[in-house]
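Construct the entire structure; sequences and hints are all you get.
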Amino acid sequence: MDSFKTLQDEISKALVSTTRSASHIGAADISFQRSLNPEVGSQLDAQNARLLLLAQRLLENAAASSDAVGPKLPDVEAIDANWRGVVDVIDSLLEKADTSLDEYTGVVKRLSPSAEQTVTNARPNIADRKHIAKPQLQFEHVPTNDESGGFRPLMSSKPHAKIPLEECLKTFKDNRGREQYPHPYQTEIETYDYPSSVYEHAEPIPYPPFESTTATFVDTPEAVAAMLAELKTAKEIAIDLEHHDNRSYIGMVSLMQISTRQKDWIVDTLKPWRRKLECLNEVFADPSILKVLHGAYMDIMWLQRDLGLYVVGLFDTHHAARSLGYPGGSLAYLLERHVQFKAQKQHQLADWRVRPLTEDLFEYARGDTHFLLYVYDNLRNELVAKSDFSNPEKNKVGDVLQKSKETALQRYEHPIYDSELGLGSMGWHKLIMRFPTQFTAQQFAVFRAVHQWRDKLSRQEDESPLFIMPNHAVFSIARAMPVDKAALFNAIQHVSHIIRAKADELVNVITKAKQDGIDGQELNDVLKAIDDMKLARRAEFETPKKPLQPPVVPTPLQAPLLGTIATATPATRAPASRFWGKLWHAAQERPMSTFSVDLALPLPPLTAEIFADTNGVSAIAIPEAEKSKHTFVPKEDRPQADERTDLFIVKQLGGKKRKRTDAIEEKVSTTPALDPMHDDEIMIDHEESEEAIRARQKAAKKALKKQKEREEAAKAASLNCDDEPAFDYANAPSILHANDDQGKKGKKDKKDKKKKPVGFSPFSGMTDAPKGLPRAQKEKAGRSRTFQS
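Residues 0 to 788 (numbering that gives the first Met the number 0) are what the sequence shown spells out, left to right.
Keep in mind that the hints are not guaranteed to be accurate.
Computed Cβ-Cβ distance ranges for the label pairs, DEER-style [as the list claims (entries may be wrong)]:
1) Arg-354 to Leu-465: 21 to 27 Å
2) Ala-224 to Thr-5: 55 to 61 Å
3) Glu-59 to Glu-229: 52 to 58 Å
4) Asn-245 to His-140: 20 to 26 Å
5) Glu-521 to Leu-92: 29 to 35 Å
6) Ser-147 to Gly-324: 42 to 48 Å
7) Ser-424 to Leu-168: 20 to 26 Å
8) Ala-440 to Ser-147: 25 to 31 Å
9) Lys-527 to Arg-321: 33 to 39 Å
10) Asp-145 to Ala-538: 32 to 38 Å
Calculated cross-link-like contacts (lysine-lysine; reagent style DSS-like; alpha-carbon spacing at most 25 Å) [to be verified]:
11) Lys-484 to Lys-455
12) Lys-275 to Lys-234
13) Lys-429 to Lys-533
14) Lys-402 to Lys-385
15) Lys-133 to Lys-455
16) Lys-513 to Lys-527
17) Lys-513 to Lys-484
18) Lys-501 to Lys-133
19) Lys-275 to Lys-231
20) Lys-231 to Lys-270
21) Lys-513 to Lys-429
22) Lys-455 to Lys-513
23) Lys-511 to Lys-455
The hints are simulated quantities; they were obtained by calculation from the structure and are not laboratory data.
Please read these numbers as outputs of a predicted model, since none were measured by experiment.
All C-beta atoms, glycine included, are put in the ideal place defined by N, C-alpha and C.
As structure tokens, then:
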């Protein structure tokens with residue numbers, strides 16, 4: 000470990016130094032230096048050749064772990080010509096990374112029995128797979144890949160049935176109008192009651208030591224019968240499968256592991272009589288036996304498809320881990336957490352068709368179920384401890400059991416190819432959404448044609464589509480649209496023996512699709528049609544029911560108005576605001592997953608209360624904080640100018656007092672009384688002292704004098720307006736650019752941030768926004784950057 004850390008540090012330092020040197024070289028004028036000094040040009044050519052050789056070796060090493068073939072880069076010009084080959088290698092590596100992530104998250108389960116196992120011979124030899132005889136050719140029921148109807152259950156009998164098998168074989172139409180068979184154990188699973196032990200805390204039962212025990216290999220009908228007799232006596236069993244799909248179109252269950260509290264079995268499911276394993280339904284469908292699986296979504300359908308087996312009473316530990324909020328959901332994580340068993344993945348790419356099984360593969364397969372019941376005990380106890388059985392929202396046990404039932408109700412269907420829309424597990428739509436790209440109409444037509452041709456050939460040869468041609472090769476053919484075999488082999492790089500034999504046929508398919516694509520469909524139009532169809536289906540099955548509105552009983556004041564509205568022509572009213580116009584109306588047709596905020600505001604319902612009116616004022620309630628605190632006085636009811644004295648008028652909403660001085664000078668005693676309802680006018684008390692009256696009168700005289708002075712000044716200014724010089728627009732201060740004019744007076748004003756701008760500044764504050772990053776290298780006038788020191 001220390002040596003690896005040292006090597007990693009050395010590589011990091013070398014990369015940093017190389018990156019810095021490359022940056023300095025890139026900043027110089029290479030062309031100028033080459034023309035100035037021929038010796039520099041020779042050295043540059045030598046370094047280019049060295050870098051190309053290193054890049055070539057990197058591509059070859061990367062392509063060795065993928066299905067792609069590294070391109071040849073003889074010179075600098077070859078990079079542009081072979082750039083697609085580089086992209087193919089990277090695409091292939093990304094596909095492998097995606098598969099590895101699926102295995103890490105628990106979608107694909109591959110574990111090692113112990114941490115001490117070496118990694119020798121861990122990677123299977125891909126070339127050896129071609130020499131393994133296909134076991135499916137020896138099956139009593141050879142798989143057919145071209146069935147288009149519903150999948151008929153493989154069962155000949157139905158143990159532990161509540162509904163007879165004959166009733167379960169009646170077909171129905173799915174939402175796409177296809178004929179399907181129902182799940183034969185649907186009623187039994189939906190009405191299943193888990194045993195009381197699932198809801199109770201109990202001490203975990205220890206597992207037998209892994210090192211001192213072994214598993215029984217079941218490869219004969221007699222061994223199956225003996226195993227079945229022991230399984231019937233158990234209360235809980237653990238099940239897992241090993242699946243192979245590289246040399247088969249639909250794949251095949253290659254191995255089945257079953258464990259009880261005391262014993263492990265490994266069942267060979269590649270025997271010609273594999274359909275006889277249907278007898279295990281006596282245990283798998285037994286409601287008194289709990290079946291524990293991890294990530295059973297695909298296992299449930301594989302058991303139906305290959306062996307005719309169905310599971311009643313499923314407990315999926317993957318759902319339990321998610322409900323408990325574990326940071327990981329894979330079986331490897333659960334084993335390490337609860338068993339301290341460090342699982343390895345060196346056999347994740349093993350070919351499970353190999354017979355006889357090697358010791359490593361045998362122990363690896365056994366480790367999948369040997370500890371699973373003990374893991375279940377720990378998960379159950381944690382779920383019980385964190386559950387509130389009186390509150391359905393906090394009942395974690397019930398949530399896990401419900402999700403396990405939903406998993407057990409999954410039903411296998413034949414993979415039907417949709418060439419038009421590409422929907423389904425084998426269609427092109429899923430692939431093109433996974434790796435978004437832009438195609439012309441011709442390229443899109445070639446893409447669909449090649450994808451369909453690959454699927455058809457895979458069904459005929461009973462091979463995996465990825466074995467015949469990887470996905471990145473389909474994209475490469477669509478981009479290049481080769482017209483002969485040489486161009487075809489150069490475009491896809493990876494050439495399997497099947498493609499080589501069918502090359503002429505594939506070229507004809509490409510040529511025809513290219514011709515048809517001249518007036519063909521555009522990719523974006525087809526994708527939009529698919530989205531519209533999905534939205535229509537979703538709206539059909541998820542249309543919310545409108546709540547019933549209680550009838551509104553109008554009051555006597557509302558009745559005439561409501562009658563007028565009812566008799567008038569009804570106006571068109573949208574259910575939501577039209578603030579965004581046609582733009583939002585058109586955008587609503589897009590998938591809702593593309594929007595994070597709903598911009599259409601729902602309008603309030605039109606009720607009778609909205610139209611209620613009292614004395615011309617709407618009857619809609621106004622919050623107390625918004626109501627005026629003063630009574631409005633009509634103009635005609637206000638006192639005339641000759642009746643006013645020096646009254647103090649108080650501004651509404653708590654403003655300052657202002658003194659009215661336009662009243663004539665009279666004694667306060669002669670002022671007529673005002674209406675007591677005029678809350679915004681405050682009368683002076685008539686009984687106040689004479690000194691206060693004289694003081695107020697004196698203040699009023701001063702205010703009246705100042706007012707007269709202001710009026711005389713304004714009158715004089717109006718008389719002299721003809722002598723005022725013309726307005727100088729050129730020298731006048733700018734209103735919109737007041738700050739700019741100020742800035743010309745000196746730098747001192749610019750630095751004074753507290754100084755307020757003169758005039759109107761509509762763009763003030765615009766520069767407060769955060770600035771973006773500058774360009775890495777700006778263009779500057781003057782000397783060439785070649786001579787920069």
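Status of each hint after checking the structure:
1. Roughly 24 Å separates the CB atoms of Arg-354 and Leu-465, a value that falls within the hinted 21 to 27 Å.
2. Under the hint 55 to 61 Å, the C-beta atoms of Ala-224 and Thr-5, about 59 Å apart, fit the expected range.
3. Taking the beta carbon of each, Glu-59 and Glu-229 are about 53 Å apart, inside 52 to 58 Å as hinted.
4. Our hint of 20 to 26 Å for Asn-245 and His-140 holds, since their Cβ atoms are close to 21 Å apart.
5. Between Glu-521 and Leu-92 the Cβ separation comes to about 31 Å, which falls inside the hinted range of 29 to 35 Å.
6. Between Ser-147 and Gly-324, the C-beta spacing of about 44 Å keeps the proposed range 42 to 48 Å intact.
7. The hinted range of 20 to 26 Å is satisfied by Ser-424 and Leu-168, whose Cβ atoms lie roughly 24 Å apart.
8. As the Cβ distance of Ala-440 to Ser-147 is approximately 29 Å, the hint placing it in 25 to 31 Å holds.
9. A hinted range of 33 to 39 Å for the beta carbons of Lys-527 and Arg-321 is consistent with their spacing of about 35 Å.
10. About 34 Å separates the C-beta atoms of Asp-145 and Ala-538, a value consistent with the hinted range of 32 to 38 Å.
11. For a cut-off of 25 Å, the pair hint linking Lys-484 to Lys-455 stands: about 20 Å separates their Cα positions.
12. Proximity of Lys-275 to Lys-234 is assessed by CA-CA distance (about 24 Å); at most 25 Å being required, the pair is judged to hold.
13. Simply put, Lys-429 and Lys-533 have alpha-carbon atoms about 14 Å apart, close enough for the 25 Å limit, and the pair holds.
14. Taking the CA atoms of Lys-402 and Lys-385, the gap is about 17 Å. The hint holds against a cut of 25 Å.
15. A C-alpha spacing of about 19 Å is found between Lys-133 and Lys-455, which places the hinted pair at or below 25 Å, so the restraint holds.
16. The hinted pair formed by Lys-513 and Lys-527 meets the criterion: a straight-line CA distance of about 22 Å does not exceed 25 Å.
17. At roughly 16 Å between alpha-carbon atoms, Lys-513 and Lys-484 fall within 25 Å of each other, so this suggested pair holds.
18. Between Lys-501 and Lys-133, the direct Cα distance comes to roughly 21 Å. Compliance with the 25 Å bound is thereby established for this hinted pair.
19. Under the criterion of a C-alpha separation no larger than 25 Å, the hint pairing Lys-275 with Lys-231 is consistent with the structure, at around 17 Å.
20. Between Lys-231 and Lys-270 the CA atoms are separated by roughly 23 Å; this keeps the pair inside 25 Å, and the hint holds.
21. A C-alpha spacing of about 22 Å is found between Lys-513 and Lys-429, which places the hinted pair at or below 25 Å, so the restraint holds.
22. Taking the CA atoms of Lys-455 and Lys-513, the gap is about 19 Å. The hint holds against a cut of 25 Å.
23. A distance of roughly 17 Å separates the Cα atoms of Lys-511 and Lys-455; the hinted pair therefore holds under the 25 Å criterion.
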